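J.: Input sequences plus hints: build the corresponding full structure.
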Amino acid sequence: HQGVKGLEFERVMVIMDDQEARGFMFKYEDLFGRKTEGKTLEATRRLFYVTASRATKSLALVAYTDDVARVRKFLLDNAWFSEDEVISMA
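Once you know that position 7 of the sequence shown is -8 in this note's numbering, the rest is easy, because the numbers rise by one and skip nothing.
Quick caveat, the hints were computed from the structure, so don't treat them as lab data.
The structure displayed is predicted, hence computed values, not measured ones.
Think of the CB as a built atom: it goes at the ideal place given N, C-alpha and C, for glycine as much as any other residue.
Among these hints, one or two may not hold up.
Within a straight-line C-alpha distance of at most 25 Å, the following computed DSS-like cross-link-like pairs (lysine-lysine) qualify [said to hold, decoys possible]:
no., residue 1, residue 2
1, Lys58, Lys24
2, Lys58, Lys12
3, Lys12, Lys24
Simulated restraints, written as ranges between beta carbons of each label pair [claimed, not checked]:
no., residue 1, residue 2, range
4, Glu68, Lys24, 13 to 23 Å
5, Thr21, Thr41, 26 to 36 Å
6, Glu70, Phe(-6), 13 to 23 Å
7, Glu(-5), Asp52, 28 to 38 Å
8, Val53, Gly(-9), 25 to 35 Å
9, Glu(-5), Glu22, 16 to 26 Å
10, Gly(-9), Glu68, 15 to 25 Å
11, Leu(-8), Ala54, 30 to 40 Å
T.: So, in C-alpha cells, the structure goes:
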C-alpha cells in the first residue's frame, strides 16, 4: 500500500476482504459503519484513501462482507457512489 503512495493508474481495483487479510491493523467492516472511532478505523480510512485515490479514470471496489445491505447503505448514505454504481452480488 505504501508502495503506491504518490503513483497514479488509469484503472484501480481495491479488494477489501478482512478474512483473507487476517490482520488486526485494518478492518474494512469498521470503515463501512460497524465502528465510529478508534485506531483501527483511522488506519483503515488512511489505507482506503491511499488505494482508492490512485485511479485517474476508473475505480472498482470489491468488498467481501457478511452484511451487504449495511455496506450498500453506507456507500449510498455517504454519497460515495450513486445507486447505479453499487452492484450487490450474493
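J.: The structure should be examined with respect to each hint, and the outcome stated for every one.
T.: Hints, verified against the model:
1. Lys58 - Lys24: This hinted pair holds, its Cα atoms lying about 23 Å apart.
2. Lys58 - Lys12: Holds, at roughly 18 Å.
3. Lys12 - Lys24: holds, 10 Å
4. Glu68 - Lys24: 13 to 23 Å: violated, 33 Å
5. Thr21 - Thr41: 26 to 36 Å: holds, 32 Å
6. Glu70 - Phe(-6): 13 to 23 Å: holds, 19 Å
7. Glu(-5) - Asp52: 28 to 38 Å: Holds - the Cβ-Cβ distance for Glu(-5) and Asp52, about 32 Å, lies within 28 to 38 Å.
8. Val53 - Gly(-9): 25 to 35 Å: At 33 Å between Cβs, range holds.
9. Glu(-5) - Glu22: 16 to 26 Å: Hint violated: Cβ distance 35 Å, outside 16 to 26 Å.
10. Gly(-9) - Glu68: 15 to 25 Å: Distance hint for Gly(-9), Glu68 is violated at roughly 33 Å.
11. Leu(-8) - Ala54: 30 to 40 Å: Holds - the Cβ-Cβ distance for Leu(-8) and Ala54, about 34 Å, lies within 30 to 40 Å.
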